[in-house]
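Peer 1: Below, each chain spelled out in residue letters.
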Amino acid sequence: MASVRFVRNVGLGDSATSTQTSTINEPTAATSGNNAFVTGNWFASRSTDSGGTWSLVDPFTALPSAAGGFCCDQIVLYEPSRDIWIWILQYIRSGTSNVFRVAISRGNTFGSWYWWDFNPQALDATWTDLWFDYPDATTSANNLYITFNAFNTAGVWQRAVAFKLPLDTLRSAGTLGYQWWSTTTHGSLRLTQGASSSVFFASHNGGTKLRVFGWPDSSNTIAWFEVDVSAWSRGPYSAPGPGGVEWLGRIDSRITGAWVAGTRAGFLWTASARANRPMPYVKAAVVDFTTKALVEEPDIWNQQSAFAYPAACPNAQGVIGVSLFFGGGTRHPAHTVGFRDGAGWQLALSRVSTHGPTNGTWGDYLACKKNFPTSSEWIASGYTLQGGTDRKNIEPQFVHFGIG
Amino acid sequence: MSDSSPEDTSGAQDAAVASAGEPQQLDEEAPAAAAADEVPTAEDLDAREANFTRPRKAMGPETDDAPETIPEEPE
Numbered sequence: 001m002a003s004v005r006f007v008r009n010v011g012l013g014d015s016a017t018s019t020q021t022s023t024i025n026e027p028t029a030a031t032s033g034n035n036a037f038v039t040g041n042w043f044a045s046r047s048t049d050s051g052g053t054w055s056l057v058d059p060f061t062a063l064p065s066a067a068g069g070f071c072c073d074q075i076v077l078y079e080p081s082r083d084i085w086i087w088i089l090q091y092i093r094s095g096t097s098n099v100f101r102v103a104i105s106r107g108n109t110f111g112s113w114y115w116w117d118f119n120p121q122a123l124d125a126t127w128t129d130l131w132f133d134y135p136d137a138t139t140s141a142n143n144l145y146i147t148f149n150a151f152n153t154a155g156v157w158q159r160a161v162a163f164k165l166p167l168d169t170l171r172s173a174g175t176l177g178y179q180w181w182s183t184t185t186h187g188s189l190r191l192t193q194g195a196s197s198s199v200f201f202a203s204h205n206g207g208t209k210l211r212v213f214g215w216p217d218s219s220n221t222i223a224w225f226e227v228d229v230s231a232w233s234r235g236p237y238s239a240p241g242p243g244g245v246e247w248l249g250r251i252d253s254r255i256t257g258a259w260v261a262g263t264r265a266g267f268l269w270t271a272s273a274r275a276n277r278p279m280p281y282v283k284a285a286v287v288d289f290t291t292k293a294l295v296e297e298p299d300i301w302n303q304q305s306a307f308a309y310p311a312a313c314p315n316a317q318g319v320i321g322v323s324l325f326f327g328g329g330t331r332h333p334a335h336t337v338g339f340r341d342g343a344g345w346q347l348a349l350s351r352v353s354t355h356g357p358t359n360g361t362w363g364d365y366l367a368c369k370k371n372f373p374t375s376s377e378w379i380a381s382g383y384t385l386q387g388g389t390d391r392k393n394i395e396p397q398f399v400h401f402g403i404g
Numbered sequence: 405m406s407d408s409s410p411e412d413t414s415g416a417q418d419a420a421v422a423s424a425g426e427p428q429q430l431d432e433e434a435p436a437a438a439a440a441d442e443v444p445t446a447e448d449l450d451a452r453e454a455n456f457t458r459p460r461k462a463m464g465p466e467t468d469d470a471p472e473t474i475p476e477e478p479e
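Going line by line, the protein sequences match chains A and B.
Using our numbering, the first residue of the first sequence is number 1, and each one after it goes up by one.
Using our numbering, the first residue of the second sequence is number 405, and each one after it goes up by one.
Hint data in this document are derived by calculation from the structure and do not stem from the laboratory.
Any given hint could be a false lead.
Examples of chain B residues toward chain A, derived with CB under 10 Å [as the list claims (entries may be wrong)]:
#, residue
1, Ser-414
2, Gly-415
3, Glu-426
4, Pro-427
5, Asp-441
6, Glu-442
7, Ala-446
8, Gly-464
9, Pro-478
DMTMM-like mimics (lysine to aspartate or glutamate), calculated; alpha carbons at most 20 Å apart, straight line [what the hints assert, rightly or not]:
#, chain 1, residue 1, chain 2, residue 2
10, A, Lys-292, B, Asp-412
11, A, Lys-209, B, Glu-447
12, A, Lys-392, B, Glu-466
A few chain B positions that, by computed beta-carbon distances, are all more than 10 Å from chain A [claimed, not checked]:
#, residue
13, Asp-450
14, Glu-477
15, Glu-479
We put the beta carbon where it would ideally sit given N, CA and C, even for glycine.
If we strip away everything but chain A, and leave its shape as in the complex, we get:
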């Protein structure tokens, strides 16, 4: 039986983060050879020795300020086809609006960044009371796709926006023309990792319906279809660990993991307990986008503890890797990685928290990416609490793993 093989599994200590950490850590990670980059709330960190040692890249000072200053959500990607690092940063609202930044560093000058800022009024001049939050990003053969939710100053969700930026221009640092699309009916659009000619994203459409959107690389048309999935429950969520400490106080049912491989696109989200699923679990739905049919639902679940906050990505062979949390019952939240193996999943805990969070604060997203250049392996980001419950006790986890 195949098992998880850890190539590198390391926690980022205080010197790597300057303790600029949060229990809502939202870590992401990417690699290119010996170089690795990890982002999270509210730090970034770089390694030049395959994750052996790390040094802080302070998102507050590494780049000039924008809007109301650096906020929080970040994503890092490495795109090997153009040899570029992509660093997305969200800035605080200034007045009624904010910006997000897409910063690019070429592989041969890693650490030297140029960037474009995006604000809502650049898309529609009437969007004067709107700010971006909760990003996702992926690359295809020729484009960078980004999604955001957008809220008004009262904090009410207004719309979701999807962007498509050409990789060639990101590489060349030329004048950046791009495509964008928006919806006021579906939020938290999660992009498929592993895309080539088309990127898919999905959102719940009430009840057990899943709306799957497809945006081809070579087209400016976004098309969608719907599939029905089996019954699941969207809360309440609870999975208290030792001492009754809750870690699912913020979670909801938004899709947090998505991939595409061959003719199939898969989507993962956290569902609450129900019959035959005694703890919150990862609900999975895999669709064939050529037939627009649901083909399987390989849930990730356990009798004693909950699985939550899944991220996913295929390796070069199309095997699906995952990064997620496992906790509750006898366990404080543990970061977990693994891969699809036949009808099931092979998972291994990368690190277990010594404590649970106060106030149930945990999340909101993780990352799982195809490693480069060994593309049969994956890179995953996670985090745990080590030695206490304070935000400064958070240790981000960088995991490079494969199939053993």
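Given chain A's structure and the hints, the job is docking chain B onto it.
Peer 2: Structure of chain B alone, referenced to chain A:
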């Protein structure tokens, strides 16, 4: 641009186009730190952490949610 409807089971829309212009980059004549944010203090970050105890922002519309019903109060 018209919006997608939750009632439709399939459909398509065209994307819009825009330009972000030329990229910005650090001016070698001016240190990056001059235009950067101030490094936050531990207390600043503690305050940010405290904000996370507020309810999470909505993920988007949930079309099967029944609206809250508020009965009228007696006159």
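Peer 1: Run every hint past the structure and note whether it holds.
Peer 2: Right, here's what the structure says about each hint:
| no. | hint | result |
| --- | --- | --- |
| 1 | Ser-414 | holds (5 Å) |
| 2 | Gly-415 | holds (6 Å) |
| 3 | Glu-426 | holds (6 Å) |
| 4 | Pro-427 | holds (4 Å) |
| 5 | Asp-441 | holds (4 Å) |
| 6 | Glu-442 | holds (7 Å) |
| 7 | Ala-446 | holds (7 Å) |
| 8 | Gly-464 | holds (2 Å) |
| 9 | Pro-478 | violated (31 Å) |
| 10 | A:Lys-292 / B:Asp-412 | holds (15 Å) |
| 11 | A:Lys-209 / B:Glu-447 | violated (44 Å) |
| 12 | A:Lys-392 / B:Glu-466 | violated (35 Å) |
| 13 | Asp-450 | violated (7 Å) |
| 14 | Glu-477 | holds (25 Å) |
| 15 | Glu-479 | holds (31 Å) |
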